[in-house]
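Which chain is which? The protein sequence lines are A and B, in order. Just so you know, the numbering used here puts 66 at position 66 of the first sequence, and the rest follows in order with no gaps. Just so you know, the numbering used here puts 84 at position 84 of the second sequence, and the rest follows in order with no gaps.
Treat the hints with care, since some could be wrong.
[Unchecked claim] Restricting the straight-line Cα-Cα distance to at most 20 angstroms, the calculated cross-link-like pairs of lysine to any residue (SDA-like) are:
| # | chain 1 | residue 1 | chain 2 | residue 2 |
| --- | --- | --- | --- | --- |
| 1 | B | 146 | A | 264 |
| 2 | B | 173 | B | 561 |
| 3 | A | 220 | A | 262 |
| 4 | B | 173 | B | 614 |
| 5 | A | 139 | B | 154 |
| 6 | B | 123 | A | 262 |
| 7 | A | 67 | B | 146 |
| 8 | A | 67 | B | 614 |
| 9 | A | 15 | B | 319 |
| 10 | B | 531 | B | 596 |
| 11 | A | 220 | A | 269 |
[Stated by the list, open to error] Only some residues are given here: those of chain B computed to face chain A with a beta carbon under 10 angstroms:
| # | residue |
| --- | --- |
| 12 | 156 |
| 13 | 157 |
| 14 | 352 |
| 15 | 353 |
| 16 | 455 |
Read the hints as simulated data drawn from the structure, not as lab findings. Backbone N, C-alpha and C fix where the C-beta goes; we use that ideal spot for every residue, glycine too.
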Amino acid sequence: MAHASTIKNFKNTPKPDRTVQFRIKRCDGPGQPSRYESFNVPIESGSNVISCLQYIAANPITVTGQKTTPVVWDAGCLEEICGACTMVINGKVRQSCSCLIDEYAPHEGDVITLEPMSKFPVVRDLWVDRQRLFESLEKVSAWVPIDGSYDLGPGPQETPQQSEMRYTLSTCMSCGCCLEACPQYQKEDDASSWDTSFIGAAPLSQARLFNEHGTGRQLKGARLDALMGPGGINDCGNAQNCVKVCPKEIPLTESIAAVGRAVTIHSFTRFFTGK
Amino acid sequence: MADKRVIIVGGGLAGLAAAIRIAEAGLAVDLFSMVPVKRSHSVCAQGGINACNEVARQQGYSEYQHFDETLYGGDYLADQAPVLEMTNFAPKVIDLLDRMGVPFNRTAEGFRDLRLFGGSLFKRTHFSGATTGQQLLYALDEQVRKLAVQGKINKYEFWEFLWPICTEDTDDKRCIGITAQDMRTMQIRSFRGDAVVMATGGCGLVFGKSTNSIICTGGAASRCYQAGAWYANPEMIQVHPTAIPGADKCRLMSESARGEGGRVWVPRKKGDARQARDIPENERWYFLEEKYPGYGNLVPRDIATREIFDLCVNQDMGVDGQNQVYLDLTHMDPGYLTRKLGGILEIYEKFVGVDPRFEPMKIFPAVHYSMGGMWTQYTPGSYEPSSPHGMHNPFDTSPVDSDIGKGMALGAPNNMQTNIKGLYAFGEVNFAYHGATRLGANALLSCIFDGLYNGVSVANYVNDCEPSKNPAAQFDQNIYDAAVKQEQAKAQKLLNSVSDGPADDATNPYKIGYELGVEITSASTVVKTGKGLSACLDKIHALNDRYQNVRLGDAASWTNQTLSYTRAIGDMLVLAEVIVKGGILREESRGSHYRLDFPDRNDEKFLKTTVVSYQPGSDDPHQVTFRDVDTRFVKPRPRTYGKTDTKNAESTKSDQPETATA
Ligand SMILES: Cc1cc2nc3c(=O)[nH]c(=O)nc-3n(C[C@H](O)[C@H](O)[C@H](O)COP(=O)(O)OP(=O)(O)OC[C@H]3O[C@@H](n4cnc5c(N)ncnc54)[C@H](O)[C@@H]3O)c2cc1C
Ligand code: SF4
Ligand code: SF4
Ligand code: FES
């Protein structure tokens with residue numbers, strides 16, 4: 001989990017007992033107009049974006065003294081492991097629970113802007129609908145096809161290197177950062193276009209994960225078939241934005257290259273054998 | 001719809017394992033979760049999952065010893081039969097997870113690697129990096145996704161369970177469905193189910209900040225309790241000694257920091273405002289080392305927790321006047337620390353923004369796990385010793401083999417069924433396996449075991465018992481409509497409370513929730529007294545009075561999180577009363593429950609399960625009875641962990657290592 005960008009060495013000692021302003025993009029629901037509202041939040045030590053949103057929920061008063069509704073957002077673990085709380089903070093997509101105020105706003109009156117991810121339909125305020133991401137996992141058969149849950153002994157043995165490699169890929173928490181940052185990944189409100197619009201880095205990397213497993217390999221053909229057509233691997237422009245924003249440092253570009261090679265071989269094989 | 005349907009509420013490890021097993025049995029499964037199941041709280045578990053394995057076996061370990069350790073760790077409050085079945089079944093759980101593709105850490109030769117964990121001298125903990133819970137949850141999530149594609153499981157994600165629907169008959173009450181609300185559209189609907197499995201996890205949020213995810217309110221369990229399901233051992237809440245207090249939650253800090261030489265201290269001068277590094281050695285109070293010269297910072301966990309708590313809460317000696325003490329590693333070589341503790345130090349760095357190799361960490365005990373939960377029953381298996389056994393030692397022949405069905409009869413319809421027919425409780429939400437304290441890495445096991453083993457019981461109940469004669473599909477629609485109306489009315493009442501008037505802390509749901517957490521954490525966690533608990537109960541009643549006039553800040557009919565939260569606060573207040581009441585009546589100290597006014601374990605009076613049932617309308621709606629614990633297999637012995645400094649310790653040398661939890 002080494003993550004250089006989150007190792008904090010504050011240049012300025014954050015000012016204690018300061019107030020920070022949150023500028024939040026709000027929207028009451030699908031099809032509704034968006035607006036910005038600002039809130040002053042007193043900062044206690046250890047504050048993160050979630051604790052500030054909790055403060056706003058309990059005190060929904062804007063900077064102009066207007067009473068408003070509590071801001072809606074999505075969260076779960078508060079440990080950067082469930083992926084729920086992803087949003088765009090000061091223009092950059094990331095998890096809000098691990099976003100520390102001391103780092104983002106060390107001075108009195110500093111402003112932090114919170115916006116929902118732009119590649120997914122907004123449900124309300126900062127909460128977006130990432131169902132498409134989960135359906136992409138269905139598309140690439142992101143599972144090991146076991147016979148059933150009865151006791152049939154252990155799974156295939158593997159080397160520590162192989163297991164570590166799969167572990168890294170398997171830490172993907174479906175947060176969507178890589179999709180938000182990808183120039184090829186488009187927002188699709190209409191579920192019928194999900195299948196043909198670029199699938200994005202996370203599901204591609206998941207296809208690789210299961211192709212690497214002794215039993216998971218059995219569905220390799222089906223996975224590659226699913227990634228050959230429109231919306232598949234060929235739509236990746238290789239911009240490499242995805243790998244830069246992945247909070248779990250998953251080697252997404254390696255995954256994309258690996259799947260790309262596999263698809264090429266797969267399509268040749270299909271061409272020559274007719275299978 | 002004539003097909004047999006099972007409703008599962010909760011998509012953590014317990015709910016997903018149950019969904020897989022029940023769907024495989026050919027029943028249609030409707031799976032409800034407040035979050036996409038892949039984001040359930042189980043994702044947080046780090047340490048690992050316990051099971052006997054071949055290496056440990058050849059060193060003298062056995063399933064039976066795992067069983068014995070679990071009972072001892074839980075201070076004998078757990079009924080023994082379900083525990084025996086769980087520990088016997090554990091190796092099968094690991095094998096299955098392995099087949100599902102969990103990237104368990106491997107040895108050089110490619111076997112599953114093992115680590116040492118508290119409560120055992122043997123390596124019996126399987127793990128996957130530092131995120132075992134995440135990896136197990138994903139493996140089950142993937143299998144459920146496959147079954148969903150095949151049409152065998154229907155997922156209702158972002159749906160909140162509201163209430164169980166039961167037949168009226170009080171003696172022969174049967175659960176035939178649920179009401180639930182879509183958290184986006186806010187539609188309230190009823191669902192028919194021949195059986196309902198609650199797998200909704202723990203209740204850390206009752207305590208405000210805990211190590212739990214923010215959806216772990218215990219609201220769902222509280223609703224079942226209010227609908228007539230019994231709740232057991234509510235007072236048994238595990239507090240982990242070392243967590244990182246945060247503004248939003250407490251994050252776990254592994255005990256290995258102390259194991260590697262970390263020292264716990266506070267400034268000697270109350271309210272000393274200097275930075276830690278500016279406080280000279282002789283002005284630091286290494287209180288654990290001073291009080292316990294033998295064990296020092298490595299005193300058993302419950303002592304560490306109690307000392308830190310007492311120092312901060314009662315003596316007000318915490319760092320910066322807050323509930324926190326220093327856990328200091330800065331006297332050690334940074335390179336060594338990185339090699340030995342890199343992973344956990346990073347968590348601290350990420351969330352506190354301070355490098356613990358150069359600045360002491362600030363830590364405090366935090367509520368971590370609920371051993372108590374919904375009361376459940378079981379049918380004993382075939383093992384019937386003539387008398388209970390004494391302590392089990394390595395290489396001793398196990399008194400019973402590990403075949404299926406020795407502890408609990410496989411497929412018996414009442415396994416992990418509540419007192420309401422057709423209503424089951426699996427995972428952290430039940431009370432069944434961990435007694436008065438849970439051993440580290442046994443929770444993940446109990447969750448998956450429940451799903452796989454007792455999922456069969458649910459299927460058998462649906463196929464062979466009442467639902468086979470009188471399926472939920474044939475009940476009068478009026479019952480379901482009435483249940484929906486009732487929930488709509490409750491929601492409407494809350495929505496009607498929205499006013500334009502000035503903000504008022506007394507009726508602000510977030511403030512009520514916050515105050516509840518503060519009150520119950522100070523009175524009913526680490527050190528309890530009868531007086532303190534009674535005062536706390538009064539305060540909860542007062543909060544409940546305020547709650548009756550609670551005012552929402554949001555009237556939206558779309559994605560109204562405030563409504564969901566406020567409704568849960570009401571249910572958390574009820575559960576809080578039950579937790580505190582249980583603590584008042586248990587006048588002894590056992591496992592995680594420590595009463596200053598009754599510091600000893602009292603087997604004669606309290607080797608019993610606290611069972612609470614809800615009687616609305618009576619003066620005290622929480623009726624408590626004590627039921628005998630099933631101790632047919634092992635004779636309870638003092639739980640000393642080799643402690644030498646207490647008067648009632650029987651052994652002076654370490655018979656078992658310190659209990660640890662993760
Ligand atoms: C930080 C941390 C570390 C841990 N580490 C370990 C470890 O190393 N080893 C170990 O064995 N144990 C560990 N534990 C304990 C273990 O993680 C939990 O006990 C276990 O994951 C609980 O699983 P569960 O399936 O019972 O419930 P959860 O995983 O909590 O899932 C509950 C489910 O219920 C749903 N739900 C809840 N309420 C409702 C409602 N009203 N309507 C609809 N759905 C609802 C939720 O959406 C969720 O899907 C740890 C716990 C914590 C907090
Ligand atoms: S490499 Fe570029 S185009 Fe391809 S998935 Fe990553 S960000 Fe998108
Ligand atoms: S690959 Fe990384 S950025 Fe993309 S969804 Fe997974 S964890 Fe998030
Ligand atoms: S809340 Fe889970 S990643 Fe932030």
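Verification of the hints:
Taking the CA atoms of residue 146 of chain B and residue 264 of chain A, the gap is near 26 angstroms; set against the 20 angstroms cutoff, the hint is violated. With a C-alpha separation of about 33 angstroms, the suggested pairing of residue 173 of chain B with residue 561 of chain B is violated against the 20 angstroms cut-off. For a cut-off of 20 angstroms, the pair hint linking residue 220 of chain A to residue 262 of chain A stands: about 9 angstroms separates their Cα positions. Between residue 173 of chain B and residue 614 of chain B the alpha-carbon distance is near 14 angstroms, which keeps this suggested pair within the 20 angstroms criterion.
Simply put, residue 139 of chain A and residue 154 of chain B have alpha-carbon atoms about 17 angstroms apart, close enough for the 20 angstroms limit, and the pair holds. Of the pairs offered as hints, the one joining residue 123 of chain B and residue 262 of chain A is violated, with about 40 angstroms between alpha carbons and a cut-off of 20 angstroms exceeded. Taking the CA atoms of residue 67 of chain A and residue 146 of chain B, the gap is near 47 angstroms; set against the 20 angstroms cutoff, the hint is violated. Our distance criterion of 20 angstroms between C-alpha atoms is broken by residue 67 of chain A and residue 614 of chain B, whose separation comes to about 39 angstroms.
About 19 angstroms separates the Cα atoms of residue 15 of chain A and residue 319 of chain B, which keeps this hinted pair within 20 angstroms; it holds. With a CA separation close to 10 angstroms, the supplied pair residue 531 of chain B and residue 596 of chain B stays within the 20 angstroms bound. A hinted pair counts as satisfied when its Cα atoms are at most 20 angstroms apart, and residue 220 of chain A with residue 269 of chain A qualifies at roughly 13 angstroms. Taking 10 angstroms as the C-beta cut-off, the interface hint given for residue 156 of chain B is violated, the closest approach to chain A being about 13 angstroms.
Interface hint at residue 157 of chain B: satisfied, since its Cβ lies 8 angstroms from the closest Cβ of chain A, which is below the 10 angstroms cut-off. The restraint placing residue 352 of chain B at the interface with chain A holds, with a minimum CB-CB distance near 6 angstroms, inside the 10 angstroms limit. Taken as an interface hint, residue 353 of chain B checks out: its beta carbon lies about 4 angstroms from the nearest beta carbon of chain A, inside 10 angstroms. Annotation: interface hint on residue 455 of chain B holds; nearest CB of chain A at approximately 9 angstroms, less than 10 angstroms.
The structure is inconsistent with the numbered hints 1, 2, 6, 7, 8 and 12, although it conforms to all the rest.
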